[in-house]
Each structure stands twice: as structure tokens, then as C-alpha cells.
Amino acid sequence: MTADVWSTPERVALRALAREFTVREVVPYLDEWEAAGELPRSLHEKAAAAGLLGVAFPETAGGQGGNAIDSAILSEEMLYAGASSGLLASLFTHGIALPHIVGSGNAELIDRYAKPTLAGKLIGALAVTEPDAGSDVAGIRTRAVRDGDTYVVNGAKTFITSSTRADFVTTLVRTGDDPHHGLSLIVVDTDTPGFSVVRRLDKMGWLCSDTGELAYVDVRVPASQLVGAEGSAFAQVARNFASERLGLATHGYGVASRALDLTVEWVRNRTAFGKPLIGKQVVRHKLVEMKRAVEVSRVYAHHVIERHAAGEQLFAEAALAKNQCVAACEFVVNEAVQLHGGAGYMRGTEVERHYRDARILGIGGGATEVMNDLIAKALGW
Amino acid sequence: MNIVVCVKQVPDTWAEKKLSATDKTVDRESVDGVMNELDEYAVEEALRIKEASGGEVTVLTMGPDKSVETIRKALSMGADKAVHLVDAGLHGSDALATSYALAKALGTIEHDLVILGVESTDARMSVVPAMLAERLGAAQLTFARKVEVGDGTVKIERLTDTGYDVVEAPTPAVISVVEKINEPRYPSFKGIMAAKKKPLTTLTLADAGIEADKVGLGGSATTVADVAARPPKQAGQIVKDEGDGGTKLAEFLASQKFV
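Chains L and B, in that order, are what the protein sequence lines are. Here the first sequence stands for residues 1 to 381, where the numbers follow the numbering used here. Here the second sequence stands for residues 1 to 259, where the numbers follow the numbering used here.
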């Protein structure tokens, strides 16, 4: 493996496309979407037309046939160009809502959900977390009971990204009592009677990404909506852990890199005590520490993403990459706000938004502590 | 209708551009190259005509090896194939020599229409389309803000300072387009992946039947005699408003003959 896989002519072109799309279609409207609390559907359609929604999905499912490297290039370049992690989380929610459907090979579900979603016509969400169970997936209580050709679903889900706009929710349900082998995935259309968005949740950051609390009351879902075999959900969800964690690692170093760029520009232009802030050694040293955090994180994440794309099963490494990048991001956005001074604490300053947005990265997609536990276990400690 | 779109790789519009110290041509090595922005509109228009009435879109570019990046972008947007005229002997060609070389290369490609951007952002002469039409003996439909293709004819709205003229001509024709004409599409990721499988023909001077002494620095009708760097920006004058700010402003404008 060499760094060259990141700069093939196609990937250079993908990077240019990601940047152009972000500069033209995202940056001018981001504040408006943050205020509105959600992304417009038209953005999904535009991104689909540019082939950005299905970058890492197979062509048979309506995707573009790329892999995790293409996906990382798309995300990181969008962040470098001024998008936000909240925007990526919401625009690319299908990155967690569709893999199980596509992986199941169920042609009917692929035609009905994957293809139209990757074409920007449908919005999907993945509902795992419940009021009583988050990182502890085995604690899921939402129950689906088989009744003839249907399942009757009852339960509640919370903190579900894009769910207030979603057309369908890939829902993790309990179909049996075994903590792990009693879990199944089922696709619920949001217009099914009994399904409702209880409320839209107000968050600290990721404001342009809508988050919902969902209720399932005697929701009758055709059994044909089951993704994969009954009882196979834990394995399906676990199979996507690495790509989800690496995706968040990319958010981490991508946001950190952007926050550093913004800060360098700021301290070059900002004058204090008669000269630019960057003239002070204490400021330059701080920038260097930020640079070190960004580069080490990016290179390690790229290394793990390359191995993941090559088909290796990497539990500890993906979790290490996530924790490293999240820690780097938290450090960098904090220093970025600090070096921006009062302006850094003001709404409307980009680093202020990144500071708030970054806080979720160490909580979502497996909390930092859960990652550490997992790493220790994988290493036999 | 078969269409050839002529595209050019130019130094990034926003980059600081330099001239080479040795031969006073644009230094293309020290900055990133991008597709001339107006050419994106030309590619888009060609693709729209093709989507509406069939045919094939061929991209033609003249330039060093690096220009293949720009070819690839046009192919990613949806063009079918490409011809790259590349030869060290072309280096330094002026507009007249360029139009000669492009006309020769066009002789190797079957076409009904040739579409170009109205100018390139590096040289900004805006004469190549007209020269090309003359050399090809084709109708000249320049500064188009709208193109309508008929049966063996093509009609455009030519943007003028005061409005537009409607101009119609039989094919073959050479069209240059302005940026008002359309909104260029993004090269989709699918297009990017597909681009590498599309045919790309490379032509040398000999392949295109171009006489070497009619192109390049030596074959150009114009020579750059001398160049001077743009003078550095002067520091602005700061006027402190002590109740007479308006008067001082008016004095400044008067002294610069603005009022």
C-alpha cells in the first residue's frame, strides 16, 4: 500500500468535485440550514445528480462502485472546503441506513429503498438507540412480534439522525430473547399507521442535522421488510461498525484540519499589540501542536482506511483511529476558539460552530470509553 | 449531430500567474491547471444538444501532456471521446497559429458543429473562434447566449452590448458561447470512473498534417517584445474624519478626476 491510492486521477477529480460542490451548493446556505434545523431535500437531489450519495455503494444498488477510500476523500474534502460534520451526518445518513439492505442482497428492498435513496428521491434513517440503550446494543427493547405475514412493532427510539425527514427507518428490533441473537432489522415506512415522530430534539451542535425521537405503537410491517434473516441483526450491525467508526474518524481529522486552516488565517490577519498574532512565538507553537494533532490523525486514519478498503477486519484499529481523531479534533477546535479570542465564542464564527459540532464525535458511533474497552479486549488486556 | 468542443487548460483563475523568464510565455508549470471556465459552458451546451438530438461529443484540446487533466474533466462531464493535440513544436503558438493547428486537428474529426468558450481566462483575446471559422470555411456564430439546432441549420442569439441578434446558419458552424448560456453540470463520480475507459487519441504535428514552421513561437505572427511585472499595490491613504471627512473625500475624488 502506498499513498498513491489517495491520488489516482479519478480520486483527484473526485476531490475537485467534492470541493466545487461544497463551495457552490453548501457553504452559501449552511447558516440558513443551521437556523432551519434541517437540510432541504433539494440538496439530496443535487448531491445525487453529482453522484456523491452513492460513492461507496455498488453499482447494482444504484451506487458508483467506489470504496472506503473514495468515501473518505469525499468527506474530508467537503470538510476542508467548509462543510460541517453535522451536514455530512445528515446528507449521508443513508451511509448507515442502507448498508444492511444492500448487504442482504434482497433485490426487492434494494429497488424500493437503496436505489431511490441514492438517487436523492428518498431519505432514510437508522434507528438503533433507545431511551434505555445506546452503545449497549444488546439492551434493545423495541419488539417486533410475528403475526402471519406481518410483524407488529412496539417501542421507542431516540437521537435518530434525519428521522424527522425520513421516508423510511431501518429499525433495530427485538424478535427474540437472546441478547444478541434475538435482534433483527426491519424497514419501516414512516407513513405506516402507528409510527410517529414524537418530537424533534434540540441539540448543542449539528444544528442543520435533524434528530428525532420516534414512537412505534402497534406498527404493522410486512414480513418482507425484514433485512436479512430473523435474528441476524447483531452480526449485520457489527459488520458496519468499522466503516461507521472510520467515517467518524474522517470527520475528526477533517474538521480539525479545517479549524486549523481557519485559525492560521485568523492569526495572520488579526493584530494585537501592534503586530499580527502569528508574530508571537506562543501562537506559532500552539499552531504547530494543532498541526501535529491533525497530521498524525489523518495519516493513521488513512492507513486504517486503506487496510479496511482492502478487506481486512479491523476492530481495534478502527476504534483506535476514531478515538485518536476525535481527541485531536476536540483539542484543535478548542485551541481554534481560544486563538480566535472573543470572536471565537460568537455565533457566526465558523470555529464556534465546529467547537459545538465536535462534541458529539466522541459520543456517537460508539462512545470513546466503549471504544477503549473494545480495544483493550481486542488486544487481550 | 456530431459536435467537437475545443477546451483549453489554463492556470487556475485565482492563482498568481507568471510569465516564463526565458521565452515570455505563460508559465504553466508553477500553478495548477484547470479547465478554462468558459469551456465548461461549451461542454455543457454540446452535451445538451447531444442529449436532445443525438450524435457524439468529441473533446479537442491542444496543449502539453498535463492538459489531459482537462480532457478528463470534459469526459467526466459526459463527452464521448477526446483528441489531444500535443507536440513540443506547438509551445508558444499565438492565436493565429493556434487556430491553424486546431483547424488541422479538426480535419481528422467528423463534425457538424464546433463549440468553444468565448475566450480563455489566460490570454483573453477572444479571436480563436472567429479565426477557426474562417480557416474551416464554416459559418461563424460567436457570443451565443442561446443555441437552437434545426435540420442542417443552427440558430443562435448573439449577445451584444445593447441586446442580442438572432443569427442563423447552415452547418458546419463554429459557435462560441458566453457564460449566460447555461449552468454547467458537475462531472459526476460515475462520470469520473467512466472517463478513464473512453477513447483518447493523441495527435502530433505530423499526425494532423501541421507544418511545423506555422506553429509555435517561431511560427507565430506576433511576438512578445517585452514584459513588465505589475507594479505593487500602493498603500492607501487614510483620511481621519474630523468633521471634514466629506470635504476631504470630495477633494480626493476631484484630484483623481473621478468627479
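Derived by calculation from the structure, the hints in this document are not laboratory data. Among the hints, a few may not be true.
Said to hold, decoys possible - Facing chain L, from chain B, some residues (calculated, C-beta under 7 Å):
| # | residue |
| --- | --- |
| 1 | Ser-76 |
| 2 | Tyr-186 |
| 3 | Pro-187 |
| 4 | Ser-188 |
| 5 | Lys-190 |
| 6 | Ile-192 |
| 7 | Phe-258 |
Please read all numbers here as calculations on a predicted model, not as lab measurements. We put the CB at the ideal spot given by N, CA and C, even for glycine.
How the hints compare with the structure:
1. Because the closest C-beta pair between Ser-76 of chain B and chain L is about 6 Å apart, less than 7 Å, the hint holds.
2. Restraint check, Tyr-186 of chain B versus chain L: the minimum CB separation of about 4 Å is within 7 Å; hint holds.
3. Taking 7 Å as the C-beta cut-off, the interface hint given for Pro-187 of chain B holds, the closest approach to chain L being about 6 Å.
4. Hint status for Ser-188 of chain B: holds, given a least beta-carbon distance of 3 Å to chain L, under 7 Å.
5. Of the supplied interface hints, the one on Lys-190 of chain B holds, with its beta-carbon coming within about 5 Å of a beta-carbon of chain L, less than 7 Å.
6. Below 7 Å, beta-carbon pairs count as interface contacts, and Ile-192 of chain B has one with chain L at about 5 Å; its hint therefore holds.
7. Using the Cβ-Cβ criterion of 7 Å, the hint placing Phe-258 of chain B at the interface with chain L is not satisfied: the shortest such distance is roughly 29 Å.
Comparing the model with each earlier hint shows a violation of hint 7 alone; every other hint is respected.
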